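K.L.:
Letter by letter, the chains look like this.
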Amino acid sequence: KNQVEQSPQSLIILEGKNCTLQCNYTVSPFSNLRWYKQDTGRGPVSLTIMTFSENTKSNGRYTATLDADTKQSSLHITASQLSDSASYICVVSRYNTDKLIFGTGTRLQVFP
Amino acid sequence: EPEVTQTPSHQVTQMGQEVILRCVPISNHLYFYWYRQILGQKVEFLVSFYNNEISEKSEIFDDQFSVERPDGSNFTLKIRSTKLEDSAMYFCASSEMTGDTEAFFGQGTRLTVV
Chain E
84 KNQVEQSPQS
94 LIILEGKNCT
104 LQCNYTVSPF
114 SNLRWYKQDT
124 GRGPVSLTIM
134 TFSENTKSNG
144 RYTATLDADT
154 KQSSLHITAS
164 QLSDSASYIC
174 VVSRYNTDKL
184 IFGTGTRLQV
194 FP
Chain R
437 EPEVTQTPSH
447 QVTQMGQEVI
457 LRCVPISNHL
467 YFYWYRQILG
477 QKVEFLVSFY
487 NNEISEKSEI
497 FDDQFSVERP
507 DGSNFTLKIR
517 STKLEDSAMY
527 FCASSEMTGD
537 TEAFFGQGTR
547 LTVV
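If you're matching them up, the sequences are chains E and R in order.
Sequential numbering from 84 applies to the first sequence in this note's numbering.
Sequential numbering from 437 applies to the second sequence in this note's numbering.
Bear in mind the hints are in silico, worked out from the structure with no lab data behind them.
Hints are not guaranteed to be accurate.
Restricting the straight-line Cα-Cα distance to at most 27 angstroms, the calculated cross-link-like pairs of lysine-lysine (DSSO-like) are [as the list claims (entries may be wrong)]:
hint : chain 1 : residue 1 : chain 2 : residue 2
1    : R       : K478      : E       : K182
2    : R       : K478      : E       : K120
3    : R       : K493      : E       : K182
4    : E       : K154      : R       : K493
5    : E       : K182      : R       : K519
6    : E       : K140      : R       : K478
7    : E       : K182      : R       : K514
8    : E       : K154      : R       : K478
9    : E       : K84       : R       : K478
10   : E       : K120      : R       : K493
Just so you know, these numbers come straight off a predicted model, no measurement behind them.
Next up, chain R with everything else stripped away, as it sits in the complex (with noise of 0.2 angstroms):
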């Protein structure tokens, strides 16, 4: 069965350096989404990106981030200078459109800023 795929699994970082989380969606999805859970807290969306740009983001995605689809089939979030407060699950998604169509869910990338 399809599934989104997410690299690292688990990152740590120190605070200012830039961290790239990849994704690799599934592959004739044309949506794909980023959000972010923080420890026992609710998951919440960042942004989301179709046709090679960001079509709508959150208040939380500050120049601080960014999104690109470098190939075919990568999807990355980049964050430039890390803050303890970026600490948190990192969840790509993508699906094959948008509105009342399933968001399909990666396993997560858990970002630790120390």
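Okay, chain E solo, but in the shape it has when bound (with noise of 0.2 angstroms):
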């Protein structure tokens, strides 16, 4: 079955502390695996886009990475800031479908 799993379900760090959050898919065939950002209330804003051939890439503080052969993606938020207080949701697409599988999202709390 085409899953998207993710870990930790919430995490809380202080600010300035670096945190990273693991995706695990069963989704086959690979199209690409995307990472967004929601905040509460609010639609989801997309932070990465990876394929196949791409093992790593960064938006600003965020660096994303992913394994095709074991099916494993990372989030890495560097320098936390209050602001990164969200769900961050690992999200992945088949080849030749237009729907998106979403993950259940980490739940991310940032403190002072």
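Bring the two chains, given one by one in their own frames, into a single complex with the hints.
P.N.:
Pasting the structure below:
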């Protein structure tokens, strides 16, 4: 079954610290993997998109990695800020379909 | 910066009533989508739309649902006879192309069926 699992479910860190979020997927055939940030009650906002041939991509303080062989991805956030508090969702796309398959997300809270 | 806009932000309706959720995609985008998120659950794909027709739909998108692009700018989702379980946040999204292209999401419409 095509699924996307994320860990941890929730995470609390202090401002300025780094953190890493994990994503495992069973989606096949694979097309691309995306990380989205979703503030409470708002729409998801894209952070990165990676295809099969890419194993790392950065967007400011966000760095995503992809291991297509083990079907794992991570999102590393450097020097966290209070505004990073949100849900981070791993999303995978299957080849030749329009449908995005969402994970349940990691709820990140950054405290001062 | 261009954005996807959705109206209304919140809609309350009685069970059995019809609702229409409205979206204005980004102007040069060709692919349009509806997703929904039941409270506390993951975002789920409903339907994709390209060239004035549905290109893909999920099992959730049954005969109670329909989509339309009534003019050059709006993209609507209609639920003909709402059920309690239709209560969710509905997100519209659009993209220039399909495949590896970024999809931009609107802020969502919170639908509450009472």
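K.L.:
All the hints need checking, so say for each whether the structure fits it.
P.N.:
These are the hints, each one checked on the structure:
Proximity of K478 (chain R) to K182 (chain E) is assessed by CA-CA distance (about 14 angstroms); at most 27 angstroms being required, the pair is judged to hold. For a cut-off of 27 angstroms, the pair hint linking K478 (chain R) to K120 (chain E) stands: about 13 angstroms separates their Cα positions. For the proposed pair K493 (chain R) and K182 (chain E), the alpha carbon gap of about 8 angstroms is at most 27 angstroms, so the pair holds. Using a Cα cut-off of 27 angstroms, the hinted pair K154 (chain E) and K493 (chain R) holds, with the two alpha carbons roughly 26 angstroms apart.
The suggested pairing of K182 (chain E) with K519 (chain R) holds, with an alpha-carbon distance near 24 angstroms, which does not exceed 27 angstroms. Simply put, K140 (chain E) and K478 (chain R) have alpha-carbon atoms about 24 angstroms apart, close enough for the 27 angstroms limit, and the pair holds. Under the criterion of a C-alpha separation no larger than 27 angstroms, the hint pairing K182 (chain E) with K514 (chain R) is consistent with the structure, at around 20 angstroms. The hinted pair formed by K154 (chain E) and K478 (chain R) meets the criterion: a straight-line CA distance of about 20 angstroms does not exceed 27 angstroms.
Pair hint K84 (chain E) plus K478 (chain R) holds up; C-alpha atoms about 16 angstroms apart against a cutoff of 27 angstroms. Straight-line distance between C-alpha atoms of K120 (chain E) and K493 (chain R) comes to about 25 angstroms, which keeps the hinted pair within the 27 angstroms bound.
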